[in-house]
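Colleague: Single-letter residue listing:
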Amino acid sequence: MSNATVANAPPPGPGPSNPLLRPAVRDPAWAGRVFWALAGLVVLWPTLVLTEFKPWVLLEPGSMKPALRFLGDFFPPRVDAQFLAMVARETWRTVAIATAGLTLALVLAVPLALLSVRVLSLSALAGRMAFLPSVVRQCVRWILMVLRSVPELVWALVFVRVVGLGPTSGVLAIALTYGGMLGKVYGDILESGEAHATNSLMRNGSGRLQAFFYGLLPQNAAELTSYTVYRWECAIRSSAVLGFVGAGGLGQQMDSSMKMFNGAEVATMLIVFMLLVWLADRVSAWLRKGLA
Amino acid sequence: MTKIPAITSTVQAANEVYKLPPKLFDARCKACWFVAAVLLLVIASFWSLNLKWAQFLSLDAFARMGKFLGELLHPEMNPAFLRKLLTASLETLAMSGLVTRMTRPAGARRPAWCSTRCAACPSWCGRRCC
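Going line by line, the protein sequences match chains A and B.
FYI, in the working numbering the residues of the first sequence are 1 to 292.
FYI, in the working numbering the residues of the second sequence are 1 to 130.
By construction, these hints were calculated from the structure, which means they are not laboratory data.
Remember, it's a predicted structure, so these values are computed and weren't measured experimentally.
Glycine included, C-beta positions come from ideal geometry on N, C-alpha and C.
Among the hints, erroneous ones may be present.
Unchecked claim - Ranges of calculated distance between the beta carbons of each label pair, as one might list FRET restraints: (1) B/95 <-> A/157: 16 to 24 Å; (2) A/261 <-> B/95: 26 to 34 Å; (3) B/44 <-> A/42: 52 to 60 Å; (4) B/84 <-> A/46: 15 to 23 Å; (5) B/38 <-> A/89: 18 to 26 Å; (6) B/95 <-> A/205: 52 to 60 Å; (7) A/125 <-> B/60: 47 to 55 Å; (8) B/23 <-> A/83: 19 to 27 Å; (9) B/38 <-> A/35: 15 to 23 Å; (10) A/43 <-> B/84: 35 to 43 Å; (11) A/89 <-> B/25: 32 to 40 Å; (12) B/38 <-> A/277: 13 to 21 Å; (13) B/73 <-> A/204: 34 to 42 Å.
Claimed, not checked - Partial chain B-side listing against chain A, Cβ under 7 Å, derived: (14) 25; (15) 48; (16) 51; (17) 55; (18) 61; (19) 64; (20) 65; (21) 90; (22) 94; (23) 95; (24) 97.
Given the sequences, and given the hints that come with them, work out the whole structure.
Modeller: Here it is, written out as structure tokens:
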């Protein structure tokens, strides 16, 4: 250690005995780093035990064989006309569930986000926010938290019990969960941006909605849009998962193909998913370029 | 002394054409077409899905929903069940922690591609990079 220090040290100056001219060449925060690395290792052990993390089970002979056979079935994907027509129909259903769910989520999220944004508070312009508005904003944040803390799968199972199998439960589940997520993230985006223009507008007598439309929204439009498109992409994926509990769409078909171990059909559907995600990505990139 | 100008076509308009706001719809406006496409997609989605609003808003559905919500108001507080729940939540926490640890090794800083500026931050980074 000391040899390395000497080797890395700058050549001795006029006063080699002066410690200020020969700073120690070592990490000043090494004690903290070593402590946290050891603490991480100590926490890692119960984590591994609790999760029953045993990757060597994968390497045992025979355990990988069914999975590999299933994966081998993926090639070639099934592409006959009848199957493709069915996939196209179900793809549209999936996209429609995601779009309808996201539309309802926006109906829920936009007003709640506007209610919860602290930047749009008139009383906060002069010091602390008044008591009632701050309580209302906190309550709206809690509502959003409740909405998004229940996973969409659970909402879907609840609605399947109420309205029966079909796309309605999927749409409602996506609407509630994504309403909570979108409302929270919209609020965070609007609050984390530069508030100067908005504050100036409100100080000079504009209404809060005017300040939002002329100050806050143009400033954050690109990020709001790209987050919304990203959530649409997530909604497509989660409507596939909801299909597994009977909410219709591509997921339901994938579920039945999986149960019959039909790898070729699963491969085709996965390719369709990749295409949808690619499409959402392109749309998002184009919108960001236009709005930035 | 000054001559009053005759009212002819040489009088300047108060608002020149180029000062007026653009027309709401223009065939070359990509944003208009995009908004129209999005509206069409939304309408087509609701139309084609055949959502059972009548069934969802029926008295029967409300009764079942009310019953379910009523059950939610009385959470199970049995100690044996709570102990099971504690184990399950520890497992969930351990799984998420392990995955985070595996994908992001100890001591690693924020990845370089997550810049500190929100505008340059890819959406899949999440909000953490801002």
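Colleague: Which of the numbered hints above does this structure break?
Modeller: 8, 9, 10, 13 and 14
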